[in-house]
Amino acid sequence: MTRFSAWNVFWNGLKGQKGWTRQWRDPEPKPEYDIIIVGAGLHGLATAYYLAKNHGLKNIAVLEKGWLGGGNAGRNTTIVRSNYFMPGNRQFYEHSLKLWENLSFDLNYNVMFSQRAHVSLLHSPAATDGAARRYNTMRLTGTDAEIWTLDELKRNIPHLNYSPDARFPITGAAVQRRAGTARHDAVAWAYARGADQLGVDIIQNCEVTGTIRENGRLTGLETSRGTIKGKKVGFAVAGNTSRLWQMAGLGRLPIETHKLQAFVTEPIKPLLDQVVVFGVGGAHFYISQSDKGGMVFGGDLDWYKSYAQRGNLPIVQDVAECALSILPCLGRLRLVRHWSGVMDMSMDGTFFICKTPLENLYLNAGWNYGGFKASPASGWYFADLIANDRPDPVVANHDLTRFERGINLDERGAGPDPKLHG
Amino acid sequence: MIRIPCPFCGERDHSEFTYGGDGSIVYPDLDAPISDWHDAVFLRENIRGVQTETWHHTSGCRMWLLVERDTMTHEILSVRPAHKGIRAAMENS
Numbered sequence: 001m002t003r004f005s006a007w008n009v010f011w012n013g014l015k016g017q018k019g020w021t022r023q024w025r026d027p028e029p030k031p032e033y034d035i036i037i038v039g040a041g042l043h044g045l046a047t048a049y050y051l052a053k054n055h056g057l058k059n060i061a062v063l064e065k066g067w068l069g070g071g072n073a074g075r076n077t078t079i080v081r082s083n084y085f086m087p088g089n090r091q092f093y094e095h096s097l098k099l100w101e102n103l104s105f106d107l108n109y110n111v112m113f114s115q116r117a118h119v120s121l122l123h124s125p126a127a128t129d130g131a132a133r134r135y136n137t138m139r140l141t142g143t144d145a146e147i148w149t150l151d152e153l154k155r156n157i158p159h160l161n162y163s164p165d166a167r168f169p170i171t172g173a174a175v176q177r178r179a180g181t182a183r184h185d186a187v188a189w190a191y192a193r194g195a196d197q198l199g200v201d202i203i204q205n206c207e208v209t210g211t212i213r214e215n216g217r218l219t220g221l222e223t224s225r226g227t228i229k230g231k232k233v234g235f236a237v238a239g240n241t242s243r244l245w246q247m248a249g250l251g252r253l254p255i256e257t258h259k260l261q262a263f264v265t266e267p268i269k270p271l272l273d274q275v276v277v278f279g280v281g282g283a284h285f286y287i288s289q290s291d292k293g294g295m296v297f298g299g300d301l302d303w304y305k306s307y308a309q310r311g312n313l314p315i316v317q318d319v320a321e322c323a324l325s326i327l328p329c330l331g332r333l334r335l336v337r338h339w340s341g342v343m344d345m346s347m348d349g350t351f352f353i354c355k356t357p358l359e360n361l362y363l364n365a366g367w368n369y370g371g372f373k374a375s376p377a378s379g380w381y382f383a384d385l386i387a388n389d390r391p392d393p394v395v396a397n398h399d400l401t402r403f404e405r406g407i408n409l410d411e412r413g414a415g416p417d418p419k420l421h422g
Numbered sequence: 001m002i003r004i005p006c007p008f009c010g011e012r013d014h015s016e017f018t019y020g021g022d023g024s025i026v027y028p029d030l031d032a033p034i035s036d037w038h039d040a041v042f043l044r045e046n047i048r049g050v051q052t053e054t055w056h057h058t059s060g061c062r063m064w065l066l067v068e069r070d071t072m073t074h075e076i077l078s079v080r081p082a083h084k085g086i087r088a089a090m091e092n093s
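In order, the protein sequence lines correspond to chains Z and V. All letters in the first sequence, in the order written, are residues 1 to 422 by the numbering used here. All letters in the second sequence, in the order written, are residues 1 to 93 by the numbering used here.
Calculated from the structure, these hints are not laboratory results. Please note that a few of the clues may not be correct.
[Stated by the list, open to error] Below 25 Å or equal to it, Euclidean Cα-Cα: the simulated SDA-like pairs (lysine to any residue) are: (1) Lys419/Z - Phe42/V; (2) Lys65/Z - Met72/V; (3) Lys419/Z - Leu43/V; (4) Lys419/Z - Glu75/V; (5) Lys419/Z - Glu91/V; (6) Lys355/Z - Asp36/V; (7) Lys419/Z - Ile86/V; (8) Lys53/Z - Asn110/Z; (9) Lys154/Z - Ala126/Z; (10) Lys355/Z - Ala40/V; (11) Lys419/Z - Pro5/V; (12) Lys419/Z - Met72/V; (13) Lys65/Z - Glu45/V; (14) Lys419/Z - Ser93/V; (15) Lys419/Z - Pro81/V; (16) Lys419/Z - Ile34/V; (17) Lys355/Z - Met72/V; (18) Lys419/Z - Gly20/V; (19) Lys419/Z - Glu45/V; (20) Lys419/Z - Gly60/V; (21) Lys355/Z - Asp39/V.
[Stated by the list, open to error] Derived CB-CB ranges, DEER-like: (22) Pro33/V - Asp165/Z: 28 to 38 Å; (23) Thr171/Z - Pro5/V: 43 to 53 Å; (24) Ala414/Z - Pro33/V: 35 to 45 Å; (25) His83/V - Lys30/Z: 54 to 64 Å; (26) Met72/V - Asp291/Z: 30 to 40 Å; (27) Gly21/V - Gln115/Z: 51 to 61 Å; (28) Pro5/V - Ser163/Z: 36 to 46 Å; (29) Arg139/Z - Gly21/V: 35 to 45 Å; (30) Lys229/Z - Met72/V: 26 to 36 Å; (31) Met72/V - Thr137/Z: 38 to 48 Å.
Every residue gets a Cβ at the ideal spot worked out from N, C-alpha and C, and that includes glycine.
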């Protein structure tokens, strides 16, 4: 595998780009591994990478039913931020953002992380007070945060709809400057390449069809490419977590699977330098511009539970209305693509990185809307959990028993209804 | 768009309705052990396939309905009133 460097790019330019080799191997599955991770999305690949890199472990496999990065890794709006409030979440997402800041160097792969600022629009004095409380709390644990007045906002983003006659006139913004976007595919490929380089077997087209249980342990997995035994097993399969969980005979989970749509327009010249979020009075909308120039945006869930990776039309209309209410200049743009991913929505909107009723099975799930930004820290802490068989204090409350213990990590205060945690 | 045949109003677009949630949950008695309440409130089967769920015809008759729907294909298999008394009255008539 060729390392990326300015010299290699120059040399291959001279040699007609003939010197590049495969980015990762395509190995046959071995009959047994020390650790098996199910799901070669961002979380699974990052976990395998950090298991090998941080903990020096070998003999690891990542199983993927389709192709790597083909699920929600390719179905998001690529936003990276750490403006979380609840204890544990705050430290977790800030750690993730710090990993993002160094990710291209660490993985020797340009993930095109762009810290272009995340700007949440505010529409009333009460909203500003609420945001100030949230963002001040973030500052206490070292996350950058600021509140922009209307004048500052107008200076930075002059072309939003500032009309005083708007249904919800804009009064300011809550801003995280270190937040931004990254290239989603590059992150999947970079982790895959990094993990493969450290000896991890990434096995694609290998669907888990059953589990083998013995004395409170999960000793192996039945797959479409034969039986694979594992000393430790980790699940990182997002919207399909409940199916795998039931395959392992473990019953119900505090998770529902919902679908979320996202959209991209035809590419245009630079229009928007930041990630802008609009959420008031039932509206929910977030937008940024990709490096190719397309406006990338999304809104709410489709409101009903679904495993179908396709969206419905009422949400297309809803999102288009939101777009035009804050950026009327988008009115003549055409949508070129539109996709939907299945989200593992949890009961309090927060994730699980935890041990399970089976001694050697570990769970990584419940990412709701926020799996993309979380992926580096998710891999980091999940690898730590699997390697050391105990959770780091940062994710100590991110387990399946937290509701029994009266702990709700509910950022929105929306209550135990998965569809409300958007 | 999903089309839901409301037993009171006829077939309508799903945008007239509000999705409730898993309709198979049976809430325990008020004095039941806390663990029963935990299970009813927080745990879900999360079925991929046919599930019974509640929908509220908010922009129509405002009745709560029990809908059997496939969560993979979005096909609607049956729709009946959620209220037991009304359901019984309609089935007997």
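Structure-based check of all given hints:
no.	hint	in the structure
1	Lys419/Z - Phe42/V	holds, 13 Å
2	Lys65/Z - Met72/V	holds, 18 Å
3	Lys419/Z - Leu43/V	holds, 14 Å
4	Lys419/Z - Glu75/V	holds, 20 Å
5	Lys419/Z - Glu91/V	violated, 32 Å
6	Lys355/Z - Asp36/V	holds, 22 Å
7	Lys419/Z - Ile86/V	violated, 28 Å
8	Lys53/Z - Asn110/Z	holds, 19 Å
9	Lys154/Z - Ala126/Z	holds, 20 Å
10	Lys355/Z - Ala40/V	holds, 22 Å
11	Lys419/Z - Pro5/V	holds, 23 Å
12	Lys419/Z - Met72/V	holds, 17 Å
13	Lys65/Z - Glu45/V	holds, 22 Å
14	Lys419/Z - Ser93/V	violated, 37 Å
15	Lys419/Z - Pro81/V	holds, 23 Å
16	Lys419/Z - Ile34/V	holds, 24 Å
17	Lys355/Z - Met72/V	violated, 29 Å
18	Lys419/Z - Gly20/V	holds, 10 Å
19	Lys419/Z - Glu45/V	holds, 15 Å
20	Lys419/Z - Gly60/V	holds, 22 Å
21	Lys355/Z - Asp39/V	holds, 19 Å
22	Pro33/V - Asp165/Z: 28 to 38 Å	violated, 56 Å
23	Thr171/Z - Pro5/V: 43 to 53 Å	holds, 45 Å
24	Ala414/Z - Pro33/V: 35 to 45 Å	violated, 26 Å
25	His83/V - Lys30/Z: 54 to 64 Å	holds, 57 Å
26	Met72/V - Asp291/Z: 30 to 40 Å	holds, 35 Å
27	Gly21/V - Gln115/Z: 51 to 61 Å	violated, 39 Å
28	Pro5/V - Ser163/Z: 36 to 46 Å	holds, 43 Å
29	Arg139/Z - Gly21/V: 35 to 45 Å	holds, 37 Å
30	Lys229/Z - Met72/V: 26 to 36 Å	holds, 31 Å
31	Met72/V - Thr137/Z: 38 to 48 Å	holds, 41 Å
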